[in-house]
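**Q** The residues making up each chain are set out below.
There are 2 protein chains.
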Amino acid sequence: METGIATVMTTLGQQARGAAKAMRMANTGAKNRALQLAASVIRREMNEILAANAMDMQAAEASGLDAALKDRLLLNGDRVEAMAEGLEQVAALPDPVGEIDHLRYRPSGIQVGHMRVPLGVIGIIYESRPNVTADAAALCLKSGNAAILRGGSEAIHSNRAIAACLRRALLDSGLSQDAVQLIDSTDRAMVGALITADQYVDVIIPRGGKSLIARVSAEARVPVIKHLDGICHVYIDAAANAEMALNIAINAKTHRYGVCNAMETLLIHQDAAALVAPIVQAMLDKGVEVRGCDRTVAAVGGLDVKPASEQDWATEYLAPVLSIRIVDSFEQAVDHIAAFSSSHTETIVTENHEAGQRFLREVDSSSVMWNASTRFADGFEYGLGAEIGISTDRLHVRGPVGLEGLTSQKWIVLGTGQTRK
Amino acid sequence: METGIATVMTTLGQQARGAAKAMRMANTGAKNRALQLAASVIRREMNEILAANAMDMQAAEASGLDAALKDRLLLNGDRVEAMAEGLEQVAALPDPVGEIDHLRYRPSGIQVGHMRVPLGVIGIIYESRPNVTADAAALCLKSGNAAILRGGSEAIHSNRAIAACLRRALLDSGLSQDAVQLIDSTDRAMVGALITADQYVDVIIPRGGKSLIARVSAEARVPVIKHLDGICHVYIDAAANAEMALNIAINAKTHRYGVCNAMETLLIHQDAAALVAPIVQAMLDKGVEVRGCDRTVAAVGGLDVKPASEQDWATEYLAPVLSIRIVDSFEQAVDHIAAFSSSHTETIVTENHEAGQRFLREVDSSSVMWNASTRFADGFEYGLGAEIGISTDRLHVRGPVGLEGLTSQKWIVLGTGQTRK
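Residue numbers (the working numbering), protein chains in the order written: chain A, 1 to 421; chain B, 1 to 421.
Misleading hints may appear alongside valid ones.
For identical chains, the list gives no copy identity; a pair is met inside one copy or between any two copies.
[Stated by the list, open to error] Pairs of lysine to aspartate or glutamate, DMTMM-like flavour, derived with a Cα cap of 25 Å: (1) 70 / 243; (2) 21 / 304; (3) 421 / 285; (4) 21 / 328.
The hints are simulated quantities; they were obtained by calculation from the structure and are not laboratory data.
Work the whole structure out from these sequences, hints included.
**A** Here's what the structure looks like:
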């Protein structure tokens with residue numbers, strides 16, 4: 001690593017460690033006051049934030065950034081207000097830190113239980129949305145952690161302005177402003193420095209597209225909580241209620257296209273093949289392109305279904321495109337999911353108890369559903385209050401990650417002088 | 001990686017993935033029967049196991065292995081019987097897999113909860129004790145995982161014999177024998193292959209000395225659940241009960257010396273300095289060498305206390321040696337722990353409610369105790385039934401790791417046809 005970058009990282013890391021120690025012990029009231037104050041400061045400094053954002057938008061214009069990226073980058077009065085409200089919502093969530101559970105007496109006479117504790121220093125790496133600066137920092141603060149934020153270079157002015165508000169609020173509420181640090185450099189080598197600084201950073205959460213997450217995962221020395229693809233399946237079982245199956249399929253595919261919990265492949269049991277044509281018709285009516293297996297193509301008569309290739313089963317379209325496969329059996333559906341799913345979210349539609357129970361048990365995804373739309377895989381819908389991401393990892397936390405996912409549990413032992421015999 | 005090793009690893013990995021898929025769905029009865037059968041097979045094959053162990057002992061003799069290592073390597077009738085009993089004990093533990101908790105209704109009408117699921121494929125890397133082959137495999141099997149075992153090369157014959165018994169029992173109870181695979185090569189490069197095989201292995205658990213764990217942590221691409229040092233502290237507060245303080249200090253230091261949860265440093269509040277001389281006397285009576293800060297040396301009059309160096313505070317003695325420091329305040333004790341502890345286990349002895357509560361909250365170790373000996377930091381004492389190790393990591397699991405530590409939780413959603421509005 002280049003000396004300049006190493007020095008910057010050491011400073012950031014040491015400051016974060018110091019702040020994490022203080023945040024770990026900060027009481028709930030102080031953390032909530034800081035978050036509420038941050039909301040006020042952001043409202044008060046709205047003009048400054050919008051001016052900074054205008055500089056980013058101007059640079060984006062000049063460099064020819066595409067329209068979707070520019071929309072993510074753009075702030076306006078409503079979006080800044082939404083950021084402030086987000087901070088207040090996190091302030092209103094219960095504080096997970098210090099929660100004690102499962103305290104039990106053991107035969108030795110000691111009481112043993114768990115206490116929930118912060119992870120320490122969390123590195124967040126994200127792309128062009130400036131609101132992540134406020135959202136991610138708020139979740140880290142509420143869960144008693146210190147955050148090191150690294151946003152996309154195209155949002156640097158916006159992020160600086162937002163981070164300055166958060167740090168001002170921390171300072172004014174008597175907490176360490178280094179609990180929120182923004183990497184104030186657009187040098188890409190800083191990402192490499194952050195994800196390998198295992199003496200200073202306890203976990204990295206990348207939020208962004210596949211290439212960002214792949215790079216971070218490949219190079220990190222710090223543990224990563226990551227979200228890869230969302231290739232989600234709906235399986236319509238032989239014993240499905242026809243109307244429910246249609247509703248769930250339509251909702252899972254067409255409620256929003258560009259989201260990770262949208263259905264990408266629909267599996268239909270051959271005994272429910274009568275549902276294929278009406279579902280395809282409904283999808284076509286919504287403007288969804290349909291690609292099907294041979295039996296699907298045969299089942300829909302004259303409807304416009306293109307033949308699906310092997311590649312389709314492995315594709316996260318994030319678009320109005322759907323692949324459909326008719327399967328011989330429950331087992332074939334589960335095998336297809338095991339082969340092609342990204343282990344994000346799958347749902348079964350069935351009235352059959354055994355099929356539903358088996359699906360819940362046998363499908364190994366972060367969310368497994370029975371008679372509900374995949375679109376429910378979301379921290380707010382699950383009651384987490386807020387979400388820093390969705391984990392497709394196996395260790396520590398799977399699925400939507402809220403405040404608890406940013407904590408761990410230590411053991412506590414209460415005795416009255418017991419010694420080991 | 002060398003081609004031969006890569007090929008071996010690919011075969012092991014693919015077999016493990018296949019077995020993990022089957023084990024994930026194996027029911028509790030089948031897993032328990034396999035474990036009970038494994039106990040029978042081990043008892044039946046005792047002579048074979050002892051003959052294999054004799055070959056290892058002979059090689060150890062020839063290569064001049066030291067006495068402590070030879071003792072760890074040695075099997076005899078009692079030790080083989082203990083292995084069989086260990087398997088039966090794991091069979092008797094509750095099965096964590098499939099346990100559903102916190103199932104709640106959400107405003108949308110869906111029910112959301114967690115289901116406990118296996119991690120998948122677990123790589124265990126250990127040193128000379130052959131009993132780890134049976135103990136670790138049993139915990140992996142009961143928690144629905146597949147294990148790839150890599151024991152020390154000095155125990156290869158013993159490990160082969162034990163693994164053969166386990167695989168025989170799996171086969172005879174209708175489960176996949178590849179749920180337990182032993183790396184049948186003493187080539188050290190196989191360790192490198194195992195810890196970087198992130199497409200096949202979900203977590204690595206190294207069990208052994210510091211150098212093994214340091215190497216595995218530095219080189220692994222697979223997540224590691226690791227146990228570094230145990231530099232454990234007892235802090236005798238100003239408000240300690242004198243007799244309790246003496247008992248806990250003696251127990252924490254002298255109950256066993258070579259264990260990770262033994263006390264290495266004793267901190268004593270200056271207002272409790274009257275306890276220093278009697279504790280030192282008791283330690284000396286037990287044959288413990290005492291090294292103290294200047295105030296400790298001054299406080300014990302003529303007793304034999306050597307001056308402690310900075311290095312002493314950072315040393316895991318694993319031996320009859322104790323360092324003692326008199327501190328000015330509760331805060332200084334907590335700061336000393338933050339600076340020198342390995343975050344394994346610390347205890348406070350106090351009758352003061354505020355000091356006890358603050359210690360529990362402010363000390364960031366995997367086990368934090370109040371009026372109990374550090375020696376209780378143990379899976380059996382905590383009620384886990386068995387223990388695969390003690391984690392000093394922050395993510396996923398901290399402290400003693402039992403069956404639950406070898407599992408994760410997925411979300412399950414039960415609906416009646418709900419779609420997202």
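**Q** The structure should be examined with respect to each hint, and the outcome stated for every one.
**A** Here's how the hints hold up against the structure:
{"no.": "1", "hint": "70 / 243", "in the structure": "neither (40 Å within a copy, 70 Å between copies)"}
{"no.": "2", "hint": "21 / 304", "in the structure": "neither (61 Å within a copy, 38 Å between copies)"}
{"no.": "3", "hint": "421 / 285", "in the structure": "between (74 Å within a copy, 19 Å between copies)"}
{"no.": "4", "hint": "21 / 328", "in the structure": "between (57 Å within a copy, 21 Å between copies)"}
In this structure, the hints that do not hold are numbers 1, 2, in rising order.
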